Amino acid sequence: MPQKDPCQKQACAIQKCLQANKYVESLCEKEIAEMRRCCQVHAENSICCSGFKDSKPAESKSSE
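Going letter by letter, the sequence shown gives residues 117 to 180 in our numbering.
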């Protein structure tokens, strides 16, 4: 049996929040931040992160 996606809980929380708030992303910042944190840790093992991890740069990525 396949292992559960480590970030599925966060992905579902985003969907639930967006649906409850008529898809206004700014009202779901907490859920999006949790998903971003999960993807930083589990990106290699999470299908849920496949389209999410590069959608917005992480806080300290632009210091080159």
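Among these hints, one or two may not hold up.
Taking CB as the label site, the calculated pair distances span [unchecked claim]:
1. Gln156 x Lys120: 27 to 35 Å
2. Glu160 x Lys138: 14 to 22 Å
3. Gly167 x Ser142: 15 to 23 Å
4. Tyr139 x Ser166: 15 to 23 Å
5. Gln119 x Gly167: 17 to 25 Å
6. Val140 x Gln119: 16 to 24 Å
7. Lys132 x Ile163: 26 to 34 Å
8. Ser142 x Gln119: 16 to 24 Å
9. Tyr139 x Ile163: 18 to 26 Å
10. Leu143 x Gln119: 15 to 23 Å
11. Ala136 x Glu160: 15 to 23 Å
12. Lys138 x His158: 17 to 25 Å
These are calculated hints, taken from the structure and not from any lab test. Remember, predicted model here, so these are calculated numbers, not experimental data. We put the CB at the ideal spot given by N, CA and C, even for glycine.
Hints the structure violates: just list their numbers, smallest first.
Result: hints 1, 2, 6, 7, 8, 10, 11 and 12 break, sorted rising.
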